[in-house]
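Asker: Below, each chain spelled out in residue letters.
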Amino acid sequence: MATGDKLIQVRDLKKYYNKGAIKALDGVTVDIDRGDVMVVIGPSGSGKSTFLRSLNLMEQPTGGAIIFDGVDITKPKVPDASGKLVRVNIDQHRQKMGMVFQHFNLFPHMTILDNMTLAPIQVKHMNKAEAEKKALALLARVGLQDRAEAYPIQLSGGQKQRIAIVRALMMEPEVMLFDEPTSALDPEMVGEVLEVMKELAQEGMTMVVVTHEMGFAREVGSRVLFMADGKLLEQGTPDEIFGHPTHPRLQDFLSRVL
Amino acid sequence: MGNFIQLKNFEALLPYANMFKEGLIVTLLLAFFTVLLGFVLGLMLAVLRMSNFRPLLWLAHAFPRVFGFFERDKESGLLRDSGFLYHLGRFNPLSFLATAYVEVIRSTPVLVQISLIYYGVFSLLFDLPTFKIFGFISFNRFFPGVVALAMNSAAYLCEIIRSGLQSIDGGQTEAARSLGLTQMQNMRFIILPQAIKNILPAIANEFVTIIKESAITYVIGVQDIMAMVNSIRSATYIIMEPLLVATLLYFCICFPLSKLIAYIERRMSRGDRR
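Protein sequence lines correspond, in order, to chains S and P.
If you want my numbering, it's the position in the first sequence, counting the first as 1, plus 131.
Reminder that position 213 of the second sequence reads as 206 in my numbering, one-by-one numbering, no gaps.
Keep in mind that the hints were calculated from the coordinates and are not lab data.
C-beta: ideal position from N, C-alpha, C; glycine also.
Just so you know, not all the hints are guaranteed correct.
To be verified - With the Cβ distance kept under 7 Å, some of the chain S side facing chain P (calculated, not the full set):
hint	residue
1	Lys154
2	Met189
3	Thr193
4	His234
5	Val254
As the list claims (entries may be wrong) - Straight-line alpha carbon distances no greater than 27 Å define the calculated BS3-like cross-link-like pairs of lysine-lysine that follow:
hint	chain 1	residue 1	chain 2	residue 2
6	P	Lys67	S	Lys150
7	S	Lys206	P	Lys67
8	S	Lys208	P	Lys67
9	S	Lys215	P	Lys67
10	S	Lys154	S	Lys215
11	S	Lys255	S	Lys227
12	S	Lys362	P	Lys67
13	S	Lys154	P	Lys205
14	S	Lys264	S	Lys227
15	S	Lys215	S	Lys227
16	S	Lys208	S	Lys150
17	S	Lys329	S	Lys137
18	P	Lys67	S	Lys145
The whole structure should be built from the sequences, with the hints applied where relevant.
Answerer: Below, the structure is given as structure tokens:
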């Protein structure tokens, strides 16, 4: 699964506010390989959400680089194969990076089916019948095929988040970004969402997951990053992070959450 | 107190019924065309205000070596996030002009604006044809009235449209953009369809407001309800009764209309508590 093929290279990523008085991200460098399930943990305010949201430029980083598929997407222009400067089209890159939000962000004025088919039809110019067929197949996978014509308001939180995941999958992304996908859910619905994410990981999807679910990190993660104060303090396999934490901040954090 | 509100005074107004009818038609047409023109202008203002036209940042991207300092700090190479140069780099002249227009209009009396437009623009700069619409609406009074009211209303409609668009949760835009939709596609498929529910009733309310405010155009000789009241008063020396008729006319239009809008607004928002 993990081939060592680098999908995203993050280099010295910085996000400052107030001329550096607040450092949400303070020089994060990490490689995300194809097939990685990278789980980001850390205390609140540690910058893990900012890190994730920077990867598809939902936040514009103050400094550093994010090289996705060989292109530094933080730059307005990059040289192409012949060395000519071309504009970086962030919309094109975002198509390949699915994102799942804490608060689902389904489109409330559209049915589930329309939620899922909008981007493939408008952005990828897929035809409607094909998009709907694909959407129904994905809905069946998460056990919601009978809700295709429902509106988001008619669904439970867990159902909404499963829809949000398959909506992102409709674009066939190369990587899925999860921003605390279970934090807004009632406890009894956390399991159904984690189950979908776990299946996705087992199929080899590259994932970056910011979460407080330590069980998920341990069981599904291929690598775990520990962040605090905007810095990447420790990274390793789940066994290393949870079994033999070395950084005192990580030891302290784990003693609180486990 | 002798001649204060008497039935015979109302009877004396009967021969002037047609003038009230014409005044009513003028008022309604004035309000209608004002909202129409005002909406187009207001939409343009809102687009300008919310535009992302930043020429200095564009320069910084096009010629990073020369103009890069508008966006990035030279020494550290980091993006600016505050300070004078940050704000200078993000300066949007279109938005600045539209905002200035809106603030000037909102901070000056409509009476002054109408006088300026009528005496300043249409009397000095343009010569309007003097034909009459329907035989009783003087175009060279009516048209400046519409333009002046529309220019005033556009400022308020701009703010209605802008706040309607901004009332949509930012997560919607994030979700749309994360799926690869462009800014325009996000506006068209996600933001506008949701915002229209907030915007339409507010525009209808602006229509009601203009029906009332249009009374001010009698100062430039638009023959609306209020102008009719004045000419009937000078013809008959009856003061209170024509005013009461005007009050009744305005109330009978505005009250049911605003109730209807409130009803439709409730209907539209039903079933989408989200």
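Asker: Sort out which numbered hints this structure fails and list those numbers smallest first.
Answerer: Going through the list in order, the structure violates hints 1, 10 and 13 and respects the others.
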